[in-house]
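2 protein chains.
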Amino acid sequence: MAQVISERRDVEFVLHEQFQVEELSKHERFADFNKKTVNMIVGEARNLAIKELLPIWKEGDEQGCTFEGGKVTVPESFKRAYDLFNEGEWLAMNEDPMWGGQGMPHVVSQAAAEYFNGANYPFMMYPGLTHGAGKLVETFGTDEQKTLYLKKLYSGQWGGTMLLTEPCAGSDVGALETIATRNADGTFSISGSKIFISGGEHEMVENIIHPVLARIEGAPAGTRGISLFLVPKYRLKEDGSPGEFNDVVCTGIEHKMGIHGNCTCSLTLGGKGECIGTLLGEENKGMAHMFLMMNEARLLVGMQGFACASAAYMYAVDYAKQRVQGANLTKPKDGGVPIIQHPDVRRQLLTMKAYVEAMRSTLYYVGLCRDHMHTAETDDEKEMYAGLIEILTPVAKGYVTDRAFEMCSQAVQVYGGYGFIEEYPVSQLLGDCRITLIYEGTNGIQAMDLLGRKLGMKKGKIFMDLMGQISKTVAQAKEVENLAPFAARVDNSLKKLGEVAMHMGKTAMSEKVLNAFSFAHPFLDITGDVVMAWMLLWRGVAAAKGLEKAKKKDLAFYEGQLKSLDFFTGCVLPVSEGKMEMIKATNEAIMDISEDSFIC
Amino acid sequence: MAQVISERRDVEFVLHEQFQVEELSKHERFADFNKKTVNMIVGEARNLAIKELLPIWKEGDEQGCTFEGGKVTVPESFKRAYDLFNEGEWLAMNEDPMWGGQGMPHVVSQAAAEYFNGANYPFMMYPGLTHGAGKLVETFGTDEQKTLYLKKLYSGQWGGTMLLTEPCAGSDVGALETIATRNADGTFSISGSKIFISGGEHEMVENIIHPVLARIEGAPAGTRGISLFLVPKYRLKEDGSPGEFNDVVCTGIEHKMGIHGNCTCSLTLGGKGECIGTLLGEENKGMAHMFLMMNEARLLVGMQGFACASAAYMYAVDYAKQRVQGANLTKPKDGGVPIIQHPDVRRQLLTMKAYVEAMRSTLYYVGLCRDHMHTAETDDEKEMYAGLIEILTPVAKGYVTDRAFEMCSQAVQVYGGYGFIEEYPVSQLLGDCRITLIYEGTNGIQAMDLLGRKLGMKKGKIFMDLMGQISKTVAQAKEVENLAPFAARVDNSLKKLGEVAMHMGKTAMSEKVLNAFSFAHPFLDITGDVVMAWMLLWRGVAAAKGLEKAKKKDLAFYEGQLKSLDFFTGCVLPVSEGKMEMIKATNEAIMDISEDSFIC
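Residue numbers (this note's numbering), protein chains in the order written: chain E, -18 to 581; chain C, -18 to 581.
Bound-form chain E, shown alone (with noise of 0.2 Å):
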């Protein structure tokens, strides 16, 4: 097999031709990353993604995590995995070096993330919940929390976690029942039940920290009483180091359709008494301290997701290339043929080509777009990259995640039988995919935040904004021979949006607000075909480019970005519009509907 993971030729592509990331390294903060540093980087990652992280996917599936006598295991092989991805340094690539960082621009560490998540998701999970909790700590936590956590998170010498779900308090957070009392010494006894906990148990490290969500005693109910703490497994002694156990006892794990390998643990807090943590942040300020994290977290599921669909892609061309099987339609008689040439296996390996590339350059651009947070010359240029990350992410997150499933699905039909056995790769991406829809915000959710905060946030400037730059785009494809009629396909779809948007806004702030609300997923929909297109527009803007000046051997990938868009625009945007058309009608049946006409 050439390449698994993820396209090496299209990824350089997305960072050096589509997004030209060297740009960046004119600003004094990205100075050490010119290209060449960032092909190093991302090789490197490649690599260890390769060489260590894929090798244990498989086995980590089947071994999964298991719980005997109070005590979680992970699959062996992760361990020694964990460690040599700590040594790489790569748990904190973006943060400030003081803390141990790599101070890496994101649309750089977006490349090398696909590579890990797409390799070994489950494993992912442990840094990538350790970063989160690190990131709280840097943001919120006083210097001491700093000097005490910060360093060990970032290197991943600890483990961390977020406790936010509870059985009752799952997309309402704001219903936890977890309480924190007031200690003498300005600590806080913490008592209450998590579920969900990924990554809450184990022992590949020698302390786990738990941010947590509870309500500090006599606190206002719902998500205004809330605050955020700091618990750790062990409590720290003096001189830092791990010492007796903060009674944060694991009363089980979760058997999951997929990401077997990392263990999802019920936690029990304070079950003696004597779990004790730490403020972290202001008082009744913990819902909207774990909402400044919110849409990183929920780039990292829309990345997890889309790794999957990335790697289910590879697989899928490979073994379409190679399996052979019936005869070509219009040649019957010449016997077997790769299935690749059927026409609907084509079909569905050009779908996933779209569609994985429009989500990769969709996810790197988010991150680029932090970065031009901090190298922006004006307020209102860092603004409006703060309101595209904003509107972007329900998009990076929900509609990537719902098109990712059906990639991996995509793939599996690709494989046909074999795709439904666990000896080939593609079921367990599936099975790994699917959480993604749900956590960190359900896509219903990721919907509703579009529909109910976005859209309207700045009175509608941010939409207005992601609209500017995509009609920027178009407007560069219309002088560009061979793409104006592209340009031209996604410019409809994109004034066709807006006058749904409109159409929704409005209905959104009249008395027909839930039937504007039952409509916010397939307005999520055509938001993130739209924004798809845009990047495949974008795509084939640089692939003329590259093909004035293309070698031989660049030839079929740069043709082949046109073909992505060409089928997209002509395939999948026709589809999105007779979805606009639907939203507009603002069907009634969903809001009319009797609950007891549901199953009688």
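Don't take every hint at face value.
Treat identical chains as interchangeable: a pair holds within one or across any two.
What the hints assert, rightly or not - Derived EDC-like pairs: lysine to aspartate or glutamate, alpha-carbon spacing no greater than 20 Å straight-line:
| # | residue 1 | residue 2 |
| --- | --- | --- |
| 1 | Lys533 | Asp577 |
| 2 | Lys477 | Glu562 |
| 3 | Lys453 | Glu25 |
| 4 | Lys127 | Asp153 |
| 5 | Lys476 | Glu562 |
Worth flagging that the hints you see were computed from the coordinates, not collected in a lab. Note that the coordinates shown come from a computational prediction; the quantities given were computed from them, not determined experimentally.
Got chain E sorted already, so can you dock chain C onto it with the hints?
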């Protein structure tokens, strides 16, 4: 939980109000099956499903099948259920009582099959395959073969399978390499290896009868040289009881992403040169014989997938009515409400409701067409029903299982994080359902069957007949107040479907044949969409009639029928019409893109 597996009221509505199955009892063949009897049969099936099959579904999944020392063990609890199922004489519901069948109308047995498969589809594969093997014996067997095998298969005393697939012969069955060598006594020595054999080896029964596709030495290559053989696991003694082992060796079982309770075996036949089979039907007609059974087998797969979706819908509604999470958007201060009140959850549930209802009607209708073939008064009528079965088979298998998988995934989404956990039922339904898109001809093959065989069959007459039947319902609905706007929407889509069919037929006959086939699957999608709309409109007509004399307790049900119709015509058909436009444009990128452009 009030109801499981399937909605009783809806099943009865389809049988009696939509399809008026009692009409069948006017004919001698079905004279025993009046309304009361039909309800009793379906009620008994439901009882058996709920009391015996459903309780061992999850256990069967967890235990799975094991292979040790050449021996396959199926879930422990299956044996008792298997015996009960056979005692109830459920295996050959439609078959001739002379051979142990029940002579039941197909439309009625579909309802029973829905309950059985929805309760425990992996279990049901054992009797399902056995029935299929019996049907082959009944249709193509000599009197001697029938006497030896048929009652024992139809009673479930022996098991049956289907040995088609080999490692290099999946979708392309004609590439198979199993050889049959003629013996002096008229029997054949069989030698070869088969894979993916459901129920290929187990010890629930005293013998297993394998219909095997193989090539007689010297026969032509490809499908024209394939014959069908009957190969028992144990050869029969003179008295017909199982004797010597017939050299059919299980070499392993597959580890799959679902249907764990059913063993998927690799079998080596004649490894020691001692596997004897008898010819079933005519030499070199094996493929044709198999194809005669294909519609029935495909309809069963559609039922398997659909039953998963139906059960998933039941669970999702139940969960959504009970799970309290988040406030109503318009009453944020009132606190948590059952999630069925949230617009996006309602959208998901109504989507599932509409598809499940439409798919149920479709599958039962294909059964009804089979019954009408027996009750038809003229050859023309009989032929018309035969044609409707032909044209609807790719919809009933391909379209239905595509949607069924999506509906199972939708149910996972309604459950949120719990949907990903094996403790809850929906993740298993998703995993089980996935294979239905693949086996008995992948859904890509179904799409090719629709475009390449069925659309042009009898110069397009069977497709025209389908459109004619839909038009009849449209005309009826136009006469009913309140239904006219829905009828107009269906009519509009139907006309457009006709145009697309013309376009596809022409394109498939031109030099652009491969382009046509690259849109075979979308063409199946739109055909299926219109068939679903038809079924919902037909239900609408029946519901409108029901409403006229409805008691209060029936109102929610009938009104729910109209909401499904309103939703589907308002939210699905506009998207289908976008797809229709897309197909008519027949984008050429799929066939034009170079293979080298897939991963460079």
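- Task: Please work out whether the CA atoms of Lys453 and Glu25 approach to 20 Å or closer within one copy, between two copies, in both situations, or in neither?
- Result: neither (35 Å within a copy, 66 Å between copies)
- Measure nothing new, just compare the shortest in-copy and cross-copy C-alpha distances for Lys533 and Asp577 to 20 Å and report within, between, both or neither. between (65 Å within a copy, 12 Å between copies)
- Task: Please work out whether the CA atoms of Lys127 and Asp153 approach to 20 Å or closer within one copy, between two copies, in both situations, or in neither?
- Result: neither (30 Å within a copy, 63 Å between copies)
- Task: Go through the copies and call it for Lys477 and Glu562: within, between, both or neither, with a Cα cutoff of 20 Å.
- Result: both (9 Å within a copy, 17 Å between copies)
- Item | Same-copy or cross-copy closeness of Lys476 to Glu562 [CA-CA at most 20 Å] | both (13 Å within a copy, 19 Å between copies)
This entry does not satisfy hints 3 and 4, going by the numbered hints stated previously.
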